[in-house]
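Trainee: What follows is the residue order along each chain.
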Amino acid sequence: MTGFRITALAAVVGLVAACTSPLDDGNAVDLNGTGAGALGSASDPTSIAYFQEAIGDRILFAVDQSTLSDEARVVLDAQAVWLTQNPDYSAVIEGHADEQGTTDYNLALGARRANAAREYLVSRGVAGNRLKVVSYGKERPIEVCSEESCYERNRRAVTVLSGALTG
Amino acid sequence: MKWFVLALTVLVAMLASFATAQSNGPLRIEITEGVIEPLPFAVPDFVPNGAAANEYAANLSRVIAADLSGTGLFREAPVSAHISRVTDFSAPIQFADWKAINAQALITGAVSVSGGKAKVQFRVWDIFSGAELGNGLQFAGPVDGWRRMAHKVADEVYSRITGEDPYFDSRVVFVNESGPKNNRRKRLAIMDYDGANLQYLTDSSAIVLAPRFSPTGDRVLYTSYESGFPRIYVLDIGKVTRRVLESTDGIMSFAPRFAPDGKTVVFSLSQGGNTDIYNMNVSTGSRSRLTSSPSIETAPSYSPDGRQIVFESDRSGTQQLYVMPATGGEARRISFGKGRYGTPVWSPRGDLIAFTKQASNRFHIGVMRVDGSEERLLTASFLDEGPTWSPNGRVIMFSRETQGANGRSSLYSVDISGRNLRAVRTPDGGSGPSWSPLQR
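First to last, the sequence lines map onto chains A and B. Each residue of the first sequence is one higher than the last, beginning at 1 in this note's numbering. Each residue of the second sequence is one higher than the last, beginning at 1 in this note's numbering.
Quick caveat, the hints were computed from the structure, so don't treat them as lab data. None of these values were measured; they are calculated from a predicted model. It is possible that some hints are incorrect.
Taking beta-carbon pairs under 10 Å as the criterion, some of the chain A residues facing chain B (in silico) [said to hold, decoys possible]:
1) S69
2) E71
3) R118
Covered stretches of chain B (in silico footprint by chain A; criterion: 3 or more residues with CB under 8 Å from a CB of chain A, positions within the stretch not fixed) [what the hints assert, rightly or not]:
4) 267–274
5) 295–304
For each residue, glycine too, the CB sits at the ideal point set by N, CA and C.
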């Protein structure tokens with residue numbers, strides 16, 4: 001018998017100090033594709049509101065696909081014309097996925113979708129340096145039901161404008 | 001201390017004679033894939049040495065009991081059923097009293113507190129053989145860390161009875177989720193593995209995703225949208241400082257994990273719509289490309305020896321799992337079942353790979369051998385995702401999202417046998433858990 005084995009664990013319990021320090025949020029991109037700058041009036045054809053309502057700021061995708069449908073091309077054609085006529089704007093194209101998929105894969109899928117839209121706009125004459133892409137994967141659904149009627153609206157690429165001077 | 005040794009010598013002599021009268025085998029749980037009848041144990045309140053220790057005496061025993069019961073391998077004989085009261089840590093054990101309530105293991109302990117320090121002593125007893133299982137041990141540390149000491153006691157008990165490495169003295173970092181589905185607020189949080197001592201590491205001003213512990217548990221990699229684009233950050237838990245790892249304009253980076261050396265990070269980089277796997281030296285920032293294909297390559301995870309990487313790719317047309325050398329090069333596919341496979345994570349024991357599987361509109365957490373054989377699905381639900389291994393490779397934690405407009409994500413754990421599915425207690429929703437190594 002060795003007696004009482006004393007193992008004094010000097011283990012210091014390293015507790016993390018609570019941290020709620022604010023993070024820099026200076027470059028936030030609008031999350032739901034409702035426009036990052038002043039909307040203006042939809043009756044003003046050079047306004048963001050006009051772009052969203054009359055031109056159409058988003059295109060939709062089939063399940064797990066990033067190819068552009070005929071409907072998507074029609075919208076992107078109109079976006080390209082508008083962007084060419086309004087050269088003071090730049091845009092971030094947001095790619096989104098529905099909730100059916102893993103976080104990582106959906107990020108990559110959203111990147112494919114946003115890039116498909118960007119490449120099409122560039123092919124229609126929009127300068128590449130005016131167009132950035134970002135993927136939100138499944139992080140920012142606009143519809144919340146777990147049915148195809150919602151999913152089909154969440155599988156989207158949204159062209160979010162910002163004024164060239166402020167963007 | 002001399003008194004202790006003397007008392008023990010007497011005790012041991014008594015036990016030796018008692019033990020010879022019994023012919024039971026040693027107290028042991030063999031963890032197999034079969035059904036296990038949980039082993040009944042008793043843990044009376046620890047004996048407080050002095051008034052300052054009173055408040056910890058019962059709390060310690062309750063945390064130990066919760067740890068052991070939480071495994072599904074042990075079942076507590078409730079305190080209300082105890083016949084013996086343990087009021088003296090050195091007194092002989094009344095084995096007959098514990099046998100009468102069908103306890104097979106007994107944990108006794110004592111606690112003293114002075115000057116902000118706590119000292120916890122404990123012994124484990126095999127009731128059937130009437131002998132001590134292993135030697136008594138003592139832990140000392142700041143009294144604020146009393147839960148850690150309880151976890152360490154439970155870890156010892158678990159290891160002595162199962163022969164497995166322990167896991168209770170560990171932490172989990174995850175994404176705390178609150179708010180509705182279309183305006184969810186996410187922030188990093190860290191807590192003990194059982195949900196206690198939760199603390200926030202970031203605020204929710206930007207989306208954060210998938211935190212991952214470093215091999216020593218002192219740093220966390222995660223993805224944040226604070227720049228407007230998904231980028232990888234490394235956060236020092238002790239100092240709560242962070243810095244961006246990859247900030248090249250036009251590049252998105254996500255899905256990071258540390259290599260076992262803690263110096264290298266493997267991650268996904270997305271550029272021009274294509275996502276491939278890269279590694280990076282954390283100190284120098286120098287980056288190498290490990291995959292080069294027009295398909296999606298993501299969710300990389302190192303083998304414990306650091307020589308291989310398992311990842312997912314849709315190069316075959318659907319998401320499947322592949323293994324490649326850590327330096328890149330030819331990859332071999334290991335998943336061949338029906339459905340899509342993602343988020344592979346190599347077990348800390350090196351023997352299994354945990355994954356998310358999507359098939360027939362259901363999601364599963366599963367495990368397979370590293371060659372892809374012996375696939376077993378452990379869970380099924382509307383959306384299960386993102387497994388992380390307990391430090392001993394016996395338990396998997398993951399997130400489960402419920403269906404519909406009010407869908408909510410929560411953390412769950414399950415044994416690799418598929419038994420013992422349990423919700424992990426968190427104040428809000430949770431996703432993207434990463435289980436730390438055992439604390440030192």
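Trainee: Look at each hint and say if it fits the structure.
Mentor: So, going through the hints one by one against the coordinates:
1. At about 17 Å, the closest approach between the beta carbon of A:S69 and any beta carbon in chain B exceeds 10 Å, and the interface hint on this residue is violated.
2. Interface restraint check for A:E71: the shortest CB-CB distance to chain B comes to about 20 Å, outside 10 Å, so the restraint is violated.
3. Here the hint on A:R118 is kept, as its CB sits about 8 Å from the closest CB of chain B, short of 10 Å.
4. Interface restraint, the stretch 267–274 of chain B with chain A: holds (5 residues with C-beta to C-beta distance below 8 Å; minimum three).
5. Counting residues of the stretch 295–304 of chain B whose CB falls under 8 Å from any CB of chain A gives 3; the rule of at least 3 is met.
When the structure is compared with the earlier hints, violations turn up for hints 1 and 2 and for no others.
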